[in-house]
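Residue numbers (UniProt numbering), protein chains in the order written: chain A, 1 to 236; chain B, 1 to 236.
No wet-lab data here; the hints were simulated from the structure. Every value quoted in this text rests on a predicted model; they were computed, and no experiment measured them. Don't take every hint at face value.
Note that identical chains are pooled: a pair holds if it fits in a single copy or bridges any two copies.
Said to hold, decoys possible - List time: in silico DMTMM-like cross-link candidates among lysine to aspartate or glutamate, alpha-carbon distance up to 25 angstroms: (1) 156 - 227; (2) 156 - 177; (3) 78 - 100; (4) 156 - 23; (5) 78 - 41; (6) 156 - 12; (7) 193 - 227; (8) 78 - 146; (9) 156 - 117; (10) 193 - 143; (11) 78 - 207; (12) 78 - 227; (13) 78 - 45; (14) 156 - 11.
2 protein chains.
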Amino acid sequence: MPTRHIVTAYDEQLNVMHNLVREMGRLAAEQIGNAVAAIADRDTDLAAQVMERDGRIDALEQQVEGQVVRLLALRHPKANDLRVVIAGLRIANNLERIGDFAANVAKRSMTLHSQPEVALARSMLPIGQAVAGMLGDVMRAYDTNDADAALAVRRKDADVDRAYTALFRELLTYMMESPARITACTHLLFAAKNLERIGDHATNIAETLCFRVSGQPLDEERAKGDDTATMTVMPD
Amino acid sequence: MPTRHIVTAYDEQLNVMHNLVREMGRLAAEQIGNAVAAIADRDTDLAAQVMERDGRIDALEQQVEGQVVRLLALRHPKANDLRVVIAGLRIANNLERIGDFAANVAKRSMTLHSQPEVALARSMLPIGQAVAGMLGDVMRAYDTNDADAALAVRRKDADVDRAYTALFRELLTYMMESPARITACTHLLFAAKNLERIGDHATNIAETLCFRVSGQPLDEERAKGDDTATMTVMPD
């Protein structure tokens, strides 16, 4: 039964890709949680661990790319199979970026350690939990091939954007009260932006899953709540 | 001559992809130049034009993806041909992100218009010119398939990182002198970060071209000069 044999080999190779992507998703969610804990608790050991582990996610992405190239070269998948492979490549790329953002949050938390403590650093925790939750949900939708669950993740991104916008305003206001806070608050602004970008990448993964299911890009416009690029705050 | 006919059709389809990628590169370089001019000259009309034109780059990326899926599904390229197609997809993705960063610089320049003028805004011009130059060079390397030229672009990124780091420090210092400058300088910090990220994406394109030529990922470590995540500045 050569046909059955070929199908099985293809499925096995596809499973190798899926397992690599799942492991990237698991690691990335863990990195987000640890990065925000490091910044909130001023825990430099945990920050160092996050920075060191980022290399694992990068290495996994390289493995996904290698597996995708092998699948395309040897199995030349078509139609639905091809979409599944291309989606795997795109999602791995998004997960690698999420890992970079988490590592950058950890790096900035090390810098904050030498600066006056800013209570707003703890506001990273709920935003971090929200984006790690989006990532967990979208990776479950990856497993179940559930476009509705993916769309639900995409809708949550507007909440993250609003929380980021509120924190951005608070940080600007706090900076205006004392120049000694400017360095710390600047790093918190960039750390918060990184978390907001993680939400965007979880949303990109959700959109890729919808494309994987339907073969069509989404035409429904995404709700956006990040108004920070146009925000102005004036000192009292 | 069916074989020759197939080869020709493949080359034609590949050329469609290349022309779309080239057009994305040309538009992206133009958008960078206009975005930094808008921020330096406080030109809101130019900023609005950059924001409006970003959709063209997004639409071109969708066309590249469609063409890549067609090429993979119908032509199942192998080895070198497959690398060329995968590289096209990756490069289009980088160019789309570059377009987003340029549009965000333009959007922030609109916000700056309501704020006190900050002379440091003009420091965006040389950094913008440097990253637009890197992009122009790497797109020429795309055309000539020149890995050495691509590596030369990659080496220039450290200069951009250093210029960004210097500007970051100047902006923090400037903010500390007066709370009224904090909003404007924060947007300039994020705009400068966007330009630095454009340099990273031009570097990613250079690395993808090296992979396209050799089939191997680069193992030479990239020189990094962006030290802003660990930077601290204290008020006098």
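Could you tell me which of the hints above the structure violates, numbers in ascending order?
-> 2, 3, 5, 6, 9, 10, 12, 13 and 14
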